[in-house]
Amino acid sequence: MIPLDRYPKQVTLRDGARLTFRPMVREDADRLWEFFRSIPPEDKMYLREDVDRKEVVERWAESLDYETVLPILAFDGDRIVGDTTLHRDRTGWKQRIGTVRVQIATDFRHRGLGTAMLREMRHLGEKSALRHIVAEVIEEQQAAIRAFEKLGFERAVVFRNFVNDQKGRLHSLVVLVYSMSHSEEELKF
Amino acid sequence: MNCAACGAELTYDSRMVSRHVGGLVACPYEGLAYAELRSGHDRIYFGRWRKIDATSIDIRRAYHQLGRHLSAIAQALGEKDLPAARRDLEKASEALETEEPGDDSPELLRLMDHALSYAHRTIDDLLHEMGLPPHSPMDFAEWYNVVEVPFRDAW
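Chains A and B are the protein sequences, given in the same order. Quick note on this note's numbering: the first sequence kicks off at 1 and runs consecutively. Quick note on this note's numbering: the second sequence kicks off at 190 and runs consecutively.
One chain only, chain A, in its complex shape (with noise of 0.2 angstroms):
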């Protein structure tokens, strides 16, 4: 169980703006849809699922379960302007291994929002036992990638021309992990 105890969390951005982390709750769905809404079309070319359809987020909603998507949300006031999530899972070989994304309201771009929530995550991480943190980005994207590295995430690998958007445009897939394993043994086989 990872503790939650920390929260809600205040944060307070570089500008003086004042955010409330929290994680996600069942009442929150029509507040991320709203955010969700609110993003570009070409950032959620990017996204695995089609978050226009409220049923989507309403499923995500009706099916929390922290200990395989933890999802922690910034709210400026009521409006969430910031999700990310930690996804693990419970069993198999990549049980010790999550994977953590992140979106930004574009008004909240620029800011530090999305390294304070990474910064989150890199905590709720070491809390829970995990050994890496792993973080997949295109490669365009790079102030998220610059902000992962600032936090210790390191290019694992970058497949060249991997990925298509919803045009099938081709794009470079950056894989970034962070470890947290202290002994050189743990890694050994």
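Don't take every hint at face value.
Only some residues are given here: those of chain A computed to face chain B with a beta carbon under 10 angstroms [stated by the list, open to error]: (1) 6; (2) 12; (3) 21; (4) 23; (5) 115; (6) 126; (7) 127.
Cβ pair distances, simulated, as ranges [what the hints assert, rightly or not]: (8) A/69 - B/241: 46 to 52 angstroms; (9) B/302 - A/177: 32 to 38 angstroms; (10) B/325 - A/142: 17 to 23 angstroms; (11) A/52 - B/302: 41 to 47 angstroms; (12) A/63 - B/249: 43 to 49 angstroms; (13) B/237 - A/110: 28 to 34 angstroms; (14) B/249 - A/22: 46 to 52 angstroms; (15) B/291 - A/87: 45 to 51 angstroms; (16) B/249 - A/7: 25 to 31 angstroms; (17) B/325 - A/156: 54 to 60 angstroms; (18) A/110 - B/291: 40 to 46 angstroms; (19) B/291 - A/160: 38 to 44 angstroms.
Some chain B residues well away from chain A (every beta-carbon gap over 12 angstroms; in silico) [what the hints assert, rightly or not]: (20) 237; (21) 244; (22) 249; (23) 267; (24) 268; (25) 274; (26) 289; (27) 291; (28) 299; (29) 322.
Hints are computed from structural coordinates only; laboratory data are not their basis. Bear in mind that the values here come from a model prediction, so they are computed numbers and not experimental data. Note that the Cβ used here is the ideal one computed from N, Cα and C, for glycine as well.
Knowing the structure of chain A, use the given hints to seat chain B on it.
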């Protein structure tokens, strides 16, 4: 000598503490959370050791400053439940301890730079835990002898 306001040592590469306001030393860090750590970081960050004409004495002094800075961070971290910060501090110490100042330590500057980056990240973790934005050295650049403005980015 230590700054009366933020507590940072002011023995070498000090910021412009000669600016006096009403007889008191003006300290841009006064009142900020972790003022000593911020000030300690910036004093190294903007230090002479990173300049092209740095002498071996500059580098040696900065090396020892960095060691004391990491100790100050460790003290601030204490028993706080911040594993990511603790890990970064360990990496900083590892980087710093890999080489010692000397004529035959070509990697030293790079390792010191890494140590300082890890130290910065630890300070930012401490600030984040208080709900505060990260420390931005460039906000204090005017207090130091800075000619270049490094790239700044915020996601």
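Against the structure, the hints:
A distance limit of 10 angstroms between C-beta atoms decides the matter here; for residue 6 of chain A the minimum to chain B is near 9 angstroms, and the interface restraint holds. A hinted interface residue such as residue 12 of chain A counts as satisfied when its beta carbon comes closer than 10 angstroms to some beta carbon of chain B; here the least separation is about 6 angstroms, so the hint holds. The restraint placing residue 21 of chain A at the interface with chain B holds, with a minimum CB-CB distance near 9 angstroms, inside the 10 angstroms limit. A least Cβ separation of about 17 angstroms between residue 23 of chain A and chain B goes past the 10 angstroms threshold, and the interface hint is therefore violated.
The criterion of a C-beta within 10 angstroms of any C-beta in chain B is met by residue 115 of chain A, whose closest approach is roughly 5 angstroms, and the hint holds. Taking 10 angstroms as the C-beta contact cut-off toward chain B, the hint placing residue 126 of chain A at the interface holds, the least distance being around 4 angstroms. The interface hint given for residue 127 of chain A is met, as the beta carbon of that residue sits about 7 angstroms from the closest beta carbon of chain B, less than 10 angstroms. Checking the proposed 46 to 52 angstroms range against residue 69 of chain A and residue 241 of chain B shows it holds: the Cβ atoms sit about 50 angstroms from each other.
Roughly 22 angstroms separates the CB atoms of residue 302 of chain B and residue 177 of chain A, a value that falls outside the hinted 32 to 38 angstroms. A C-beta distance of roughly 20 angstroms is found between residue 325 of chain B and residue 142 of chain A, which places it inside the suggested range of 17 to 23 angstroms. For the pair residue 52 of chain A and residue 302 of chain B, the beta carbons lie near 45 angstroms from each other, so the given range of 41 to 47 angstroms is met. Distance hint check: the CB atoms of residue 63 of chain A and residue 249 of chain B are about 59 angstroms apart, inconsistent with the given range 43 to 49 angstroms.
Roughly 32 angstroms separates the CB atoms of residue 237 of chain B and residue 110 of chain A, a value that falls within the hinted 28 to 34 angstroms. Hint check: residue 249 of chain B to residue 22 of chain A, Cβ distance near 48 angstroms, so the stated range 46 to 52 angstroms holds. In this structure the supplied range 45 to 51 angstroms holds for residue 291 of chain B paired with residue 87 of chain A, their Cβ-Cβ distance being about 47 angstroms. At roughly 46 angstroms, the beta carbons of residue 249 of chain B and residue 7 of chain A sit outside the given window of 25 to 31 angstroms.
Our hint of 54 to 60 angstroms for residue 325 of chain B and residue 156 of chain A is violated, since their Cβ atoms are close to 29 angstroms apart. As the Cβ distance of residue 110 of chain A to residue 291 of chain B is approximately 43 angstroms, the hint placing it in 40 to 46 angstroms holds. The hinted window of 38 to 44 angstroms between residue 291 of chain B and residue 160 of chain A holds, with their beta carbons roughly 43 angstroms apart. Every CB of chain A is more than 12 angstroms from the CB of residue 237 of chain B (nearest about 25 angstroms), matching its label as outside the interface.
No Cβ of chain A approaches the Cβ of residue 244 of chain B within 12 angstroms, the least distance being about 31 angstroms, so the stated non-interface status holds. Remark: the non-interface label on residue 249 of chain B is consistent with the geometry, its nearest Cβ contact in chain A lying 28 angstroms away (cut-off 12 angstroms). Interface exclusion of residue 267 of chain B from chain A stands, the closest Cβ pair being 17 angstroms apart, more than 12 angstroms. At roughly 15 angstroms from the closest C-beta of chain A, the C-beta of residue 268 of chain B stays outside 12 angstroms, upholding its exclusion from the interface.
With a minimum CB-CB distance of about 9 angstroms to chain A, residue 274 of chain B fails to clear the 12 angstroms threshold, and the non-interface call is violated. The beta carbon of residue 289 of chain B sits about 23 angstroms from the closest Cβ of chain A, which is more than 12 angstroms, so the claim that it is off the interface holds. The Cβ of residue 291 of chain B lies farther than 12 angstroms from every Cβ of chain A, with a closest approach of about 27 angstroms, so its non-interface assignment holds. Under the 12 angstroms C-beta cut-off, the non-interface status given to residue 299 of chain B relative to chain A holds; the minimum distance is some 16 angstroms.
With a least CB separation of 4 angstroms from chain A, residue 322 of chain B falls inside the 12 angstroms interface cut-off, contrary to its annotation.
The structure does not agree with the numbered hints 4, 9, 12, 16, 17, 25 and 29 stated previously, though it agrees with the rest.
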